[in-house]
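Protein chains: 2
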Amino acid sequence: MLSRVFFASSNKNKFEEARLISSKLGISLEFFKCKLQEIQSNSLEEIAYHKATQAFSLCSKPVIIEDDSLFISSLNGFPGPYSSFVFDTIGNKGILKLLSKQRSAIFRSIIAYCEKKGNVMLFDAKVYGKISEKIRGSKWGFDPIFIPKGQTLTYSLLKNKNLVSHRYLALKKFTNWYLNKKKSNG
Amino acid sequence: MLSRVFFASSNKNKFEEARLISSKLGISLEFFKCKLQEIQSNSLEEIAYHKATQAFSLCSKPVIIEDDSLFISSLNGFPGPYSSFVFDTIGNKGILKLLSKQRSAIFRSIIAYCEKKGNVMLFDAKVYGKISEKIRGSKWGFDPIFIPKGQTLTYSLLKNKNLVSHRYLALKKFTNWYLNKKKSNG
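Going down the list, the protein sequences come from chains V and D. With our numbering, letter number 153 in the first sequence gets 140, and the count goes up by one each step, no holes. With our numbering, letter number 21 in the second sequence gets 8, and the count goes up by one each step, no holes.
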């Protein structure tokens, strides 16, 4: 039987992707739909810590939250921790307008797990890559404009995105730790 | 003698401008330099409420905070509550790149006053205008790209900015209320 952990988010797409990845890694994620308050901070760790603490106080069961952010080098790390807001306002079209030759970017994912008040574990991963010249593909978020290093296609068009993405790598770190912990606890 | 209120901020420029405006309106502002945590929210009121509460818990004296945000209509309200972050990353140059013909914008200011735990008063003001075609003037923030309605110059170049700006209007609302309160309390 798969271990069960709640996944707190307001974003069903994100949950579905995380569920798919995690089930292959041996953990069954269950959706805990909620709107969590985010603090404004340049530290993804701090934002994630706060969100996991909140999620646990709402759900009172072992729970993770996942946050991802795109950092574009030539834009001093924009959109960074405010990726959702930027996506909802200027969108991928806006980001493409801001860029010229220098297109390096990093996609980061951070997972925060909480099963006890005041006790949060963080797992993060990053994927280096670049911003495409045009929007390619139709998936949600920045997937249609991010090309991971060593690839020629955007996340949206990559068939194996869920085996190479920042979200996959962070979930793998988390599930390894979680399953080991369960094993050593008997 | 002028009434004395603390002004909590990490931004000396903002304080100096607010001090200048307020002294003419009958209130003496004193700088309380601190870094306040901002929540991520699309509601300026909510952000300001949290900041004033925090500022009071740090300073334990009657204190105001002031937040201003630029909302560009054709960009769905971008940069909005994340104005500081956007200024620090893509800057005014980035904003100009995002715009074409439709350039309407609103500059909002909100002041939150706290003199007792759990008791916050909010005062807000907005100025309609547009984003200039080019950066004009050298003042801080979005001043070099915002032209208030009925004017031809940006805030940076307007000699009487401190008599027409969103910050002036919000400070006027606050000082009117504050001085009346003091008067009626004897």
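Because the hints were derived from the structure by calculation, they are not lab data. Take these hints with a grain of salt, some might be off.
The list cannot tell twin chains apart, which means a pair is met if one copy fits it or any two copies do.
[Stated by the list, open to error] Here are the simulated DSS-like pairs of lysine-lysine, each with C-alpha atoms no more than 25 Å apart in a straight line:
#	residue 1	residue 2
1	84	104
2	80	121
3	146	48
4	88	121
5	117	169
6	170	20
7	20	160
8	159	117
9	48	117
10	48	88
This structure is a prediction, so every number in the text was calculated from the model and none was measured.
Status of each hint after checking the structure:
Neither within a single protomer nor between protomers do residue 84 and residue 104 lie at most 25 Å apart by alpha-carbon distance, with minima of 44 Å and 46 Å respectively. Proximity of residue 80 to residue 121 under the C-alpha cut-off of 25 Å is found in both arrangements, the shortest distances being 8 Å within a copy and 21 Å between copies. Proximity of residue 146 to residue 48 under the C-alpha cut-off of 25 Å is found in neither arrangement, the shortest distances being 34 Å within a copy and 59 Å between copies. In this assembly of identical chains, the alpha carbons of residue 88 and residue 121 lie at most 25 Å apart whether taken from the same copy (13 Å) or from different copies (22 Å).
For the homomeric pair residue 117 and residue 169, neither the shortest alpha-carbon distance inside one copy (38 Å) nor that between copies (58 Å) is at most 25 Å. Taking the shortest alpha-carbon separations for residue 170 and residue 20, neither the intra-copy value of 29 Å nor the inter-copy value of 50 Å comes in at or below 25 Å. Proximity of residue 20 and residue 160 under a CA criterion of 25 Å is satisfied intra-copy only: 23 Å inside one chain copy versus 41 Å between copies. With identical chains, the CA atoms of residue 159 and residue 117 are at most 25 Å apart within one copy only, with a shortest distance of 23 Å there and 48 Å across copies.
Within a single copy, residue 48 and residue 117 get their C-alpha atoms no closer than 38 Å, and across copies no closer than 49 Å, so neither meets the 25 Å cut-off. Within a single copy, residue 48 and residue 88 get their C-alpha atoms no closer than 47 Å, and across copies no closer than 51 Å, so neither meets the 25 Å cut-off.
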